[in-house]
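Enquirer: Protein sequence lines correspond, in order, to chains A and B.
For this note's numbering, add 2 to where a residue sits in the first sequence, where the first one is 1.
For this note's numbering, add 898 to where a residue sits in the second sequence, where the first one is 1.
If you're looking for bench data, these hints aren't it; they were derived computationally from the structure.
Among these hints, one or two may not hold up.
Now the stretches of chain B that chain A is said to cover, found in silico as 3 or more residues with beta-carbon under 8 Å [to be verified]:
no.: 1; segment: 1075 to 1082
no.: 2; segment: 1088 to 1097
no.: 3; segment: 1299 to 1313
no.: 4; segment: 1350 to 1357
no.: 5; segment: 1361 to 1367
no.: 6; segment: 1398 to 1408
A virtual CB, placed ideally from N, CA and C, is assigned to each residue, including glycine.
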Amino acid sequence: MKPILSRKEFIRRVAFAGMGLAGTALLQACGTPAAPALNRITLEPSPTARPSAAPSPTYTPRAPAAPLPTPTPAAIPPTAAPAPSTALPHLAVVRGASAEAITRQAVTALGGIGRFVKAGDDVIIKPNICNAYHGPEYASTTNPEVVAALVKMCLEAGARRVRVMDFPFAGTPQKAYEVSGIGAAVRAAGGEMEVMSKVKYRQVDIPAGQTIKRWNIYGDALDADVLINVPIAKDHGSTRLTLGMKNLMGLVLDRAGFHARGLHQCIVDLNTVVRPHLTVVDATRILVANGPTGGSLDDVRVMNTVIASPDIVAADAYATTLFGLTPADVAYISMGAERGLGTADLTRIAIAEIEL
Amino acid sequence: MTSCAAHDASAPRHTSAGQGRAGILARLRPYVQALFLALFVILITLAWVLGDSRSWANLFFRLDPLAGAMSMLAGRRFLPALLLSLLTIGLTLMVGRVWCAWICPLGTLLDWTPARQQPNAALGPESPWRRVKYILLIAMLASAIAGSLTVLLLDPIVLTSQMIGRVFLPLVEQAFSLLERAGFAIPWTRPLVSSADNLLRGTIFPLERHFYGGAVLIGLVFAGILALNALAPRFWCRHLCPLGALLGLLSRAAWIRRRVNTSCIDCGRCARLCPTGTIDAGRGYASDPAECTTCLLCQDACPVSAISFSGGSLRPAPSQNYDPTRRQALVTLGLGLAGVGLFRAGPSSDFLDPHRILPPGGRENDLASKCIRCGLCLKACPTGGLQPAFPRASAQDLWTPVLVPRMGYCDYSCHACGQICPTGAIPDIPLDIKRTVIIGKAYIDTSRCIPWSEGRDCIVCEEMCPVPDKAIKLEEARVKTVAGQTVTVKLPHVERERCIGCGICEYQCPVAGQAAVRVYSPVLERG
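Bound conformation, chain B alone (with noise of 0.2 Å):
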């Protein structure tokens, strides 16, 4: 197959202007992939300081033309808040897959790891392992059709942002607590902590250290994809991401394209620079507009500026041999359906997990089918009571928000899952409606109760109570103590049809281990 766009006599020729601008562009990428980056890390570290305004936390997914189709398939409904995405379509119609070279927070990290700069051959322009994200991409409308959206954690952004919430700003929270204990240790420091602290704590460090469940998966998968370099730069982005597949098949209709004029000495500096290995040496150094990301650096480095990225382009680009033939997208989408079926195969989540407590609304909105795995919501909870589904979930549900009470309860003056969800998987009620929202009931394991057990008061489950009328209620009762005397305790009792499932008096019961005030599931059938 001959490429039309590299040798396209009719095409413009830059051969003048096109040099100095595109050397200014292409040194000026890796600021403005910083400067994207350190907006998407900032956006994330910010969820709870915005506040009411924290919906501006899901700027990046809101542009994520995946997650927002994608979305918006499964749950079988129209979301105006994605058509933020448009944006990114319509720059893509116009210049190509510019999102992966200069906005994409996970091409940003790719390009900042070492890779190996000359990739085996099987790895080259014309692999056929770039198919695979082809394949992922129709894998995940499959499922999308299916009305799942678990295989949405493949989206780069989705990765990312777990990155960020669940590894990386724990991690710093870390050094800042040991920077903190070491600075405290030395009275003259000591006042720069305590403003450190003031300013820091409950604001983008929470008070009390917050664990996530598959934080350690989370990381290995993220540093698995950044090794993956070591065949090829952005090997990720050549081969399996399916947001870059998406965008990918956009650019071939981009109006603006990388083209070659005859002025080209045959040097080959282009194809050994490309950071997606698209040039192709043997076809006059022409590329796919598919898989060229117009990061600038081939225009940038050829000595004779035969290289230029410049409009007029009607007709799409031309398919490659790595494209996925029609019977395997077919085959693709049909295993991606009966794939889905699969996942409903096995026990429902809520048969799983009798604990199952979802986000406010999340359990009357279908939650699942709409919910793209960002985490932001995980991030926005000010206890950290907010979990990944995993393992105990089925994987229709695989890390969707859920409640684990022991780690941190649902806040009655909080709403901030509901205000930062890109999707409204998790609906936006407002602070009052919330508040009468049940997301679980809870059970006093009298077996283990304090005062039931052992007859000695106890109560923090009833202060803690934050129903103004109290779902707990305390009643004082003659009870039999184990060394056989008989006193008078007040017993807690749950007012079941009181109890919203807030999970507070599970975080804060002072028995060991497991509560003795446990919530649950408030589907009590098996679903």
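Chain A on its own, in the form it takes in the complex (with noise of 0.2 Å):
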């Protein structure tokens, strides 16, 4: 039989083909930062302990984005915005049976889009998109409605790029975004949905963090310009609700982690590095029992209510009176105003309340 290659030839190749390889693994082994091999995080500082405020050196967050210092007891405003003017509230809940024109009105009344987005910004929306059981009538998944509206607005403010991305903890991605209705909604509105990838993934430092002080985040997430966190309300076996501050664990890749360690606390730690510019609660509809998956109508209630805050603490403080609860029946709610990250105590915030 006549050989298919010369041997020299077939030395030639395997030789570029083992080149190729070499070359790839040492890029491999100069790029990626030296992270624990494994998914999981040190819960006890290292010996040579940097201090807590020292950001991770894979991790150079822009300023609003800041891993908190160490826990002052003042709310710390969590985003980059002018400071709010004695004007603007703090809070903006609006009510009406159109879920785009309240999503507008809220974003308005909080001194309007350009407050939060800048004309060539990178701009990340993360709804809740959990799974790919129900469609949005059935409260599991946030409306595509105020996903789109929010969209529409920060490409109207100039953004450069808008994406909109969950990790969903049942089905595909391209699933669940489908059957959620988002997907077709964000597209017609001119952005993108983003399948989470895996490669994008880090270990950040979590220097304020009280249980865990290093987890695998999403990394686009932190290094986007503005992050818009856009949960719906809905009841939550553990954690009772699942709104604002619970939506962020979709950033991360080890939930189960969380579930392990406690939850309510690692949702605040994860809250000490994520900070969301905006959040927007989706309370069109809010699902009051048997969530977070859901999939009875009995157990939906239409509210067609919308509430905006840059303080994630508050939106959820809010979000909790829709189900007659109040903020303190919430743990990670009490536990985020104590660790500084902004304010449950709606008395003593300006809230604009409007009705359309």
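Grab the two chains, each in its own frame, and use the hints to assemble them into the complex.
Expert: Shown next, in the form of structure tokens:
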């Protein structure tokens, strides 16, 4: 049989392939930060503990999203936007039949989208698309009209790129994006749906963390110019409600680790490094039981409400009232307020309540 | 025995027209083969992307008359979807075993594998070992009559599908992951990696790597079949392939057959080239239509255009020395039937594996007697939870799909396995009904469950439970921790009558190693 390749040619090709592989391996070795191989945290600070306020070497955040220094009792403004003038409310609550109109009105009441998004910004919007089970009428995923309205507003403000993403715990993201209606709505509005890529997660130091000091977090969410958090308000077995602070769990890979270590504390720790510039709680429909998955229309209440604030704690605190609860009923909210992530005391903030 | 076909004086002569056309056809064949192989791989690869039209992915199995006939026989029912294989049968009756040389993906891979060109004399045109494939076919028939399809693992389309789905695509995914990680380390290729990931993850490659039991075994068996080329080209097709045997039997009555006319100059080129080695120099370069795959290599190579493939045969081709005798056939049939009895002599799979969970509807449908082991459901399963039943299964159930929840759950929004199954072994149940089909029952191991054993809240199982009114309920209770304090925790309980056994609780349970909530087979009696 005539050989397909001469020996010389074969050795040449193998050598080339080997060099190529070695090259990639080398690049990989140089390029990846020296992170522990395991997707686990180190609970204790390393013996050569660096000052807790120092940012991780792999992560140089823009000012607004900076990890919190040692917690202070005063609320820390989470956005880079110009300090709100006294005329602007701390929190906007808008009620009305049109989800798009109330979303727009809520942002307008806070000073308009221009306060959060500048021309040329790279924006990430994080709704709750937790699984691919049910359409939006079941209130287990964020209302697509609310998400689409935010996409449009960001683009109107001149955003360079608006990406929408979540990491569903069941079903493929593509399917969850379609079933939730968010995929179609976002594309129609001019945004992009992103499948959250495993390679984009990185180990991030959590200097102010009490339970977790380091965790795998989606890098793009930290690197984006603007992060907008759009949870749906719904029932949740262990935390009582899932709202804005809990919604950020969609940005971490190891969620079982949160559960195993104490969910509330881990959520608060995560919120010290992931600081959305704006939180818009979708309460157009809320799920009052059998959350977060839902599946029965009997558990859905139509509230036609949107709550928006740059203060994630305040937005969550207000949302509890829609369920007949108080902020104190949801531990991560009061813990977040204590750690200086925002204000849970609704009597101390200026709230704009608007009916459309 | 003399061959009638070879020197049939009445055969029409093709002296002028044949050569040129045959030349083009013979040179076209590798491209046709590559095209079919590519189609085969692409259809399997697209099992998720095709969505509700994913039944296209099983096209090759609907064209495979062996899988179709055996599945109908063992399942004792008529399957209209499999009538597509009549196309293959019709084609074979027209032009012989063309499937093997032009379409079969395994045949193509064998053609691409280097082979020993001058095999040992014992493997010549009249090698008695050619009989083995007929014996295998008869054994398969016997086992199908007895209701077992395990032997169908030797169907070349099944084998190749298992190879592509369990071995090839997972390897491609590993290579893709390496490239991704390397590309992500370089800043200027990062956007490219991001786009590739967006396009391919969740569509062609899984988001999280899927692992398959028995993958090593499939890889080794497949490599072994290719390695047999070291004995003779297409050793598998000549001696072992049961589908080749079936198509060979049909080819005996084929209308178009290979003929050699009297202008043959005895150069022997055709006999040396023939990939199935059926051209017999000792018999005037005649061939057995049951062995000839109509690859046209001989016609293309003949320096004097003495070889033609032409119609006109009505009488079946004569039988050969290596055909099984009636006695051999009957003994094989008997042994095959007894063999299936032996399959069932061991403990049942439900006994071997108390966690034996079948895909929705499979248990009610007597899946094992209808499943052709094509493995498409394993590829279609988006969570990678469907695994081949191996090794904890009886011989009767070997390589049928089972759900292993710790590896992947049965997604509440998915019924892909039923949509892709070519034989209806997994019924194609509408999604809203599939959501109510009970495939197992979850039980909590309170000695390992975090709230039960450690007095700390956890509740992942309750959170994940997709049943609208939750089959896992939380109950607040005062328990004593290891440290001796009494605390209030939420303890999970399974509401057994609501549980459908999807296994997402087991999959997501944060307890290390084996989950603290596990799904058991819904059949609790020893069956």
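Enquirer: A separate judgement is required for each hint: does it hold in the structure or not?
Expert: Okay, the hints, checked on the actual structure:
no.	hint	result
1	1075 to 1082	holds (count 6)
2	1088 to 1097	holds (count 4)
3	1299 to 1313	holds (count 5)
4	1350 to 1357	holds (count 4)
5	1361 to 1367	holds (count 7)
6	1398 to 1408	holds (count 4)
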